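Using the hints provided, position chain B relative to the given structure of chain A.
Residue numbers (UniProt numbering), protein chains in the order written: chain A, 1 to 190; chain B, 1 to 190.
A couple of the hints might just be wrong.
Copies of the same chain look alike in the list, so a pair counts if it works inside one copy or between any two.
Result set (SDA-like, lysine to any residue): computed pairs, CA atoms no more than 20 Å apart in a straight line [said to hold, decoys possible]:
1) Lys-11 with His-88
2) Lys-90 with Arg-138
3) Lys-150 with Thr-92
4) Lys-131 with Asp-89
5) Lys-66 with Glu-180
6) Lys-34 with Tyr-60
7) Lys-11 with Tyr-86
8) Lys-150 with Asn-62
9) Lys-90 with Lys-150
10) Lys-90 with Ser-142
11) Lys-131 with Arg-44
12) Lys-150 with Gly-176
13) Lys-168 with Asn-187
14) Lys-131 with Arg-111
15) Lys-150 with Ile-61
16) Lys-131 with Tyr-82
What the hints contain is simulated information worked out from the structure, not anything from laboratory work.
It should be emphasised that the depicted structure is a prediction, and the values quoted were computed from it without experimental measurement.
Protein chains: 2
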Amino acid sequence: MAAQLQEHIAKTVSLTNEQFAYVLSHFTPRSFKKGQVIISEGSRVEEEYFVLSGCTKAFYINDETKMYILQFAMPTWWTSDYHALYSHDKATINIDCITDAEVLALSNDNREKLCAEMHVMERFFRLRTNKGYVASQRRLLSLMNNDTRKRYEELMDQYPALYNMVPKHLIAAYLGVSRETLSRLYNGSK
Amino acid sequence: MAAQLQEHIAKTVSLTNEQFAYVLSHFTPRSFKKGQVIISEGSRVEEEYFVLSGCTKAFYINDETKMYILQFAMPTWWTSDYHALYSHDKATINIDCITDAEVLALSNDNREKLCAEMHVMERFFRLRTNKGYVASQRRLLSLMNNDTRKRYEELMDQYPALYNMVPKHLIAAYLGVSRETLSRLYNGSK
Numbered sequence: 001m002a003a004q005l006q007e008h009i010a011k012t013v014s015l016t017n018e019q020f021a022y023v024l025s026h027f028t029p030r031s032f033k034k035g036q037v038i039i040s041e042g043s044r045v046e047e048e049y050f051v052l053s054g055c056t057k058a059f060y061i062n063d064e065t066k067m068y069i070l071q072f073a074m075p076t077w078w079t080s081d082y083h084a085l086y087s088h089d090k091a092t093i094n095i096d097c098i099t100d101a102e103v104l105a106l107s108n109d110n111r112e113k114l115c116a117e118m119h120v121m122e123r124f125f126r127l128r129t130n131k132g133y134v135a136s137q138r139r140l141l142s143l144m145n146n147d148t149r150k151r152y153e154e155l156m157d158q159y160p161a162l163y164n165m166v167p168k169h170l171i172a173a174y175l176g177v178s179r180e181t182l183s184r185l186y187n188g189s190k
Numbered sequence: 001m002a003a004q005l006q007e008h009i010a011k012t013v014s015l016t017n018e019q020f021a022y023v024l025s026h027f028t029p030r031s032f033k034k035g036q037v038i039i040s041e042g043s044r045v046e047e048e049y050f051v052l053s054g055c056t057k058a059f060y061i062n063d064e065t066k067m068y069i070l071q072f073a074m075p076t077w078w079t080s081d082y083h084a085l086y087s088h089d090k091a092t093i094n095i096d097c098i099t100d101a102e103v104l105a106l107s108n109d110n111r112e113k114l115c116a117e118m119h120v121m122e123r124f125f126r127l128r129t130n131k132g133y134v135a136s137q138r139r140l141l142s143l144m145n146n147d148t149r150k151r152y153e154e155l156m157d158q159y160p161a162l163y164n165m166v167p168k169h170l171i172a173a174y175l176g177v178s179r180e181t182l183s184r185l186y187n188g189s190k
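So that you can see chain A by itself, here it is in the shape it has in the complex (with noise of 0.2 Å):
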């Protein structure tokens, strides 16, 4: 299981085997099944994920008892409440268990102190959030443009394998369409 994070990170920065057994030290591994909470609105964030198998999806119901997709979660990706979990505020968001999922969990302390020791693993994680923020600027682009076909390709990019791991209301719900557009975006692409 550590060699995904091992792999990940090589793909950003260079360890040696010593200093990554060292960060993986501060990592706890964390099992949950399919449906479990990870992190619910309200609760304190202490914690990221590291997703090692399964799929994790980050969302929101608003007062219309209406979901909202923000993320989903797959191996090798990060998840959080990163506003609650940067700010030490209470999580605004909640995530949730789509399979059974196996994670990383890597605590706020925990990252501090390696990006404290560690300016290899400051730079690590400088350039992951670069990524995520880029990522995110994206989205919001095609969200405004309302692009609902950009926004399903790039969705599909990223995550070839979404399409059949995720059910078809949650991919609808994360692009903002009903389950009928998203068919025809589906059968569009093939």
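Positioned in the frame of chain A, the structure of chain B alone reads:
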């Protein structure tokens, strides 16, 4: 002018005066006139900008010639096409000046040089991007939720002076609403 950058960095990390002077030597001052283009769609992007005075807008115009505003940048804000900057790709958005503007330009190469040489600057840029990521996620959520009032309030919280500095049709384009809806929001919030 440099004092603004020094204060801005000091909110996140501590630098000695000597360290700051070294950091500053990697920036280039630039002046732009009202309406002048800083980044245009399709061009190469080599720099990001720390705004000292004035106001810029990052925007995208779709096929139907409708304008979407991704970001305003005011004094002490950073702006660029970060997708293009980080991935050495061509710009997919435009940035121009709403008013005359003074900025400090930092090239990709100089930022990476500073980050490699100074752990403390790697930290600064990591924490800066963390904030940007969180703001972007929150805007995404309020956009998905179509909560215009919240988007308006978030914008006014971020920069209270905006309403008087920026033409109303641009604020409306940022929020994705008509000018009439914007007036209602403004009058409702007084």
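Taking the hints in turn, this is what the structure says about them:
1. Lys-11 with His-88: Cα proximity of Lys-11 and His-88: across copies only (17 Å, versus 29 Å in one copy).
2. Lys-90 with Arg-138: between (27 Å within a copy, 14 Å between copies)
3. Lys-150 with Thr-92: between (27 Å within a copy, 14 Å between copies)
4. Lys-131 with Asp-89: This pair counts as between: shortest inter-copy Cα distance 14 Å, intra-copy 24 Å.
5. Lys-66 with Glu-180: For Lys-66 and Glu-180, the Cα distance is within 20 Å only inside one copy (17 Å; across copies 27 Å).
6. Lys-34 with Tyr-60: within (18 Å within a copy, 40 Å between copies)
7. Lys-11 with Tyr-86: between (24 Å within a copy, 15 Å between copies)
8. Lys-150 with Asn-62: Between copies, since 13 Å is at most 20 Å while 25 Å is not.
9. Lys-90 with Lys-150: between (33 Å within a copy, 18 Å between copies)
10. Lys-90 with Ser-142: between (29 Å within a copy, 17 Å between copies)
11. Lys-131 with Arg-44: Result: close only across copies, 19 Å inter versus 26 Å intra.
12. Lys-150 with Gly-176: both (13 Å within a copy, 19 Å between copies)
13. Lys-168 with Asn-187: Cα proximity of Lys-168 and Asn-187: one copy only (13 Å, versus 42 Å across).
14. Lys-131 with Arg-111: both (18 Å within a copy, 16 Å between copies)
15. Lys-150 with Ile-61: between (24 Å within a copy, 15 Å between copies)
16. Lys-131 with Tyr-82: So Lys-131 and Tyr-82 pass the 20 Å test inside a copy (14 Å) and across (9 Å) alike.
Hint compliance for this structure: no hint is broken.
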